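Enquirer: Since the structure of chain A is already known, use the hints to place chain B on it.
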Amino acid sequence: DAKTTQPTSMDCAEGRAANLPCNHSTISGNEYVYWYRQIHSQGPQYIIHGLKNNETNEMASLIITEDRKSSTLILPHATLRDTAVYYCIVKQGAQKLVFGQGTRLTINP
Amino acid sequence: GAGVSQSPRYKVAKRGQDVALRCDPISGHVSLFWYQQALGQGPEFLTYFQNEAQLDKSGLPSDRFFAERPEGSVSTLKIQRTQQEDSAVYLCASSRFTDPETQYFGPGTRLLVL
Chain A
1 DAKTTQPTSM
11 DCAEGRAANL
21 PCNHSTISGN
31 EYVYWYRQIH
41 SQGPQYIIHG
51 LKNNETNEMA
61 SLIITEDRKS
71 STLILPHATL
81 RDTAVYYCIV
91 KQGAQKLVFG
101 QGTRLTINP
Chain B
1001 GAGVSQSPRY
1011 KVAKRGQDVA
1021 LRCDPISGHV
1031 SLFWYQQALG
1041 QGPEFLTYFQ
1051 NEAQLDKSGL
1061 PSDRFFAERP
1071 EGSVSTLKIQ
1081 RTQQEDSAVY
1091 LCASSRFTDP
1101 ETQYFGPGTR
1111 LLVL
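Just so you know, the sequences run in chain order A and B. Numbering of the first sequence is given in my numbering, commencing with residue 1 and proceeding in unit increments. Numbering of the second sequence is given in my numbering, commencing with residue 1001 and proceeding in unit increments.
Please keep in mind that the hints were generated in silico from the structure rather than gathered at the bench. A few of these clues could be false.
Simulated crosslink set (EDC-like; lysine to aspartate or glutamate; CA at most 20 Å straight-line) [what the hints assert, rightly or not]:
hint: 1; chain 1: A; residue 1: 52; chain 2: B; residue 2: 1101
hint: 2; chain 1: A; residue 1: 52; chain 2: A; residue 2: 67
hint: 3; chain 1: B; residue 1: 1057; chain 2: B; residue 2: 1071
hint: 4; chain 1: B; residue 1: 1078; chain 2: B; residue 2: 1024
hint: 5; chain 1: B; residue 1: 1078; chain 2: B; residue 2: 1101
hint: 6; chain 1: B; residue 1: 1078; chain 2: B; residue 2: 1018
hint: 7; chain 1: A; residue 1: 91; chain 2: A; residue 2: 66
hint: 8; chain 1: B; residue 1: 1014; chain 2: B; residue 2: 1063
hint: 9; chain 1: A; residue 1: 52; chain 2: B; residue 2: 1099
hint: 10; chain 1: A; residue 1: 91; chain 2: B; residue 2: 1044
hint: 11; chain 1: B; residue 1: 1078; chain 2: B; residue 2: 1044
hint: 12; chain 1: B; residue 1: 1078; chain 2: B; residue 2: 1068
hint: 13; chain 1: A; residue 1: 52; chain 2: A; residue 2: 66
hint: 14; chain 1: A; residue 1: 52; chain 2: A; residue 2: 31
hint: 15; chain 1: A; residue 1: 3; chain 2: B; residue 2: 1044
hint: 16; chain 1: A; residue 1: 3; chain 2: A; residue 2: 31
hint: 17; chain 1: A; residue 1: 91; chain 2: A; residue 2: 31
hint: 18; chain 1: B; residue 1: 1078; chain 2: B; residue 2: 1099
hint: 19; chain 1: A; residue 1: 91; chain 2: B; residue 2: 1099
hint: 20; chain 1: B; residue 1: 1011; chain 2: B; residue 2: 1085
hint: 21; chain 1: A; residue 1: 91; chain 2: A; residue 2: 55
hint: 22; chain 1: A; residue 1: 3; chain 2: B; residue 2: 1101
hint: 23; chain 1: A; residue 1: 91; chain 2: B; residue 2: 1056
hint: 24; chain 1: A; residue 1: 91; chain 2: B; residue 2: 1101
Label pairs and their calculated CB-CB ranges [as the list claims (entries may be wrong)]:
hint: 25; chain 1: B; residue 1: 1084; chain 2: A; residue 2: 8; range: 25 to 31 Å
hint: 26; chain 1: B; residue 1: 1080; chain 2: A; residue 2: 79; range: 41 to 47 Å
hint: 27; chain 1: A; residue 1: 58; chain 2: B; residue 2: 1098; range: 18 to 24 Å
hint: 28; chain 1: A; residue 1: 30; chain 2: B; residue 2: 1015; range: 42 to 48 Å
Reference excerpt, derived from the structure (chain A facing chain B, CB under 8 Å, subset only) [unchecked claim]:
hint: 29; residue: 44
hint: 30; residue: 49
hint: 31; residue: 87
hint: 32; residue: 102
Every value quoted in this text rests on a predicted model; they were computed, and no experiment measured them. Glycine residues also receive a C-beta, built at the ideal position from the N, C-alpha and C atoms.
So here's chain A without its partners, still in its complex pose (with noise of 0.2 Å):
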């Protein structure tokens, strides 16, 4: 599975925009992006997942840049229980889940 990178930590204020890059220049055709998040002293919790159009649902939208190699995970209306560590993966199938270091972000009142 290719291998994703996420800047160690973000911030953003509450009701605005959280924006969350990640690369994965390695992708290979047939993989996917997910991205799951993790609540303190909760397991992950799925997100979104998409393959290269953009894709959005009541959590969040996921844009995918045209070559694939990044990918940018957008919260639209952030709040408080937002705050969590936010995972970027790529993988094909329906196996395992690697996961990273993640985004730890926090969003301020």
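Expert: Then chain B, alone, in the frame of chain A:
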């Protein structure tokens, strides 16, 4: 419906003791995964079941770790002769056959080996 549940939520063991950690996946979920998460790190894969078949156990760190899912639902992760480096949060996740990409995680079992 109910999510993935794990028990116990916290376990303190003396070095050398055996422990058993239980995972109840979401009803009807075919796939079940175990992960280990050390303090300050991301979760790391341990093993994967599809129904009762253990299809991948490449992440188990040693032969002291053993997992089973005999009837294709509840799973148990057993650690024999625990050591201090086994201290971690053990996470269980399940996914359904029609949506295998989405894994649903339980709250984890926090194991502390003294």
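Enquirer: Indicate, hint by hint, whether the structure satisfies it.
Expert: Structure-based check of each hint:
1. 52/A to 1101/B: It holds: about 16 Å lies between the C-alpha atoms, which stays within 20 Å.
2. 52/A to 67/A: holds, 9 Å
3. 1057/B to 1071/B: Cα-Cα ~18 Å, so holds.
4. 1078/B to 1024/B: holds, 15 Å
5. 1078/B to 1101/B: Since the Cα atoms of residue 1078/B and residue 1101/B sit roughly 26 Å apart, the hinted pair is violated (cutoff 20 Å).
6. 1078/B to 1018/B: The hint holds at about 7 Å.
7. 91/A to 66/A: Holds, at about 18 Å.
8. 1014/B to 1063/B: Holds: residue 1014/B and residue 1063/B sit about 19 Å apart, inside 20 Å.
9. 52/A to 1099/B: Holds: residue 52/A and residue 1099/B sit about 18 Å apart, inside 20 Å.
10. 91/A to 1044/B: holds, 14 Å
11. 1078/B to 1044/B: holds, 17 Å
12. 1078/B to 1068/B: Given that 20 Å is the threshold and the Cα spacing comes to 8 Å, the pair holds.
13. 52/A to 66/A: Distance of about 7 Å is within 20 Å: holds.
14. 52/A to 31/A: holds, 10 Å
15. 3/A to 1044/B: Holds, at about 14 Å.
16. 3/A to 31/A: Cα-Cα ~11 Å, so holds.
17. 91/A to 31/A: Distance of about 5 Å is within 20 Å: holds.
18. 1078/B to 1099/B: Violated. Residue 1078/B to residue 1099/B sits at ~28 Å, over the 20 Å cutoff.
19. 91/A to 1099/B: holds, 15 Å
20. 1011/B to 1085/B: This hinted pair holds, its Cα atoms lying about 14 Å apart.
21. 91/A to 55/A: Answer holds: residue 91/A to residue 55/A is near 17 Å, not above 20 Å.
22. 3/A to 1101/B: Holds: residue 3/A and residue 1101/B sit about 18 Å apart, inside 20 Å.
23. 91/A to 1056/B: holds, 16 Å
24. 91/A to 1101/B: holds, 9 Å
25. 1084/B to 8/A: 25 to 31 Å: Holds, at about 27 Å.
26. 1080/B to 79/A: 41 to 47 Å: holds, 44 Å
27. 58/A to 1098/B: 18 to 24 Å: holds, 20 Å
28. 30/A to 1015/B: 42 to 48 Å: The hint (42 to 48 Å, Cβ to Cβ) holds, given that residue 30/A and residue 1015/B are roughly 45 Å apart.
29. 44: Holds, because the Cβ-Cβ distance from residue 44/A to chain B comes to roughly 5 Å (cut-off 8 Å).
30. 49: holds, 6 Å
31. 87: holds, 6 Å
32. 102: Given a least distance of 6 Å, the restraint on residue 102/A holds.
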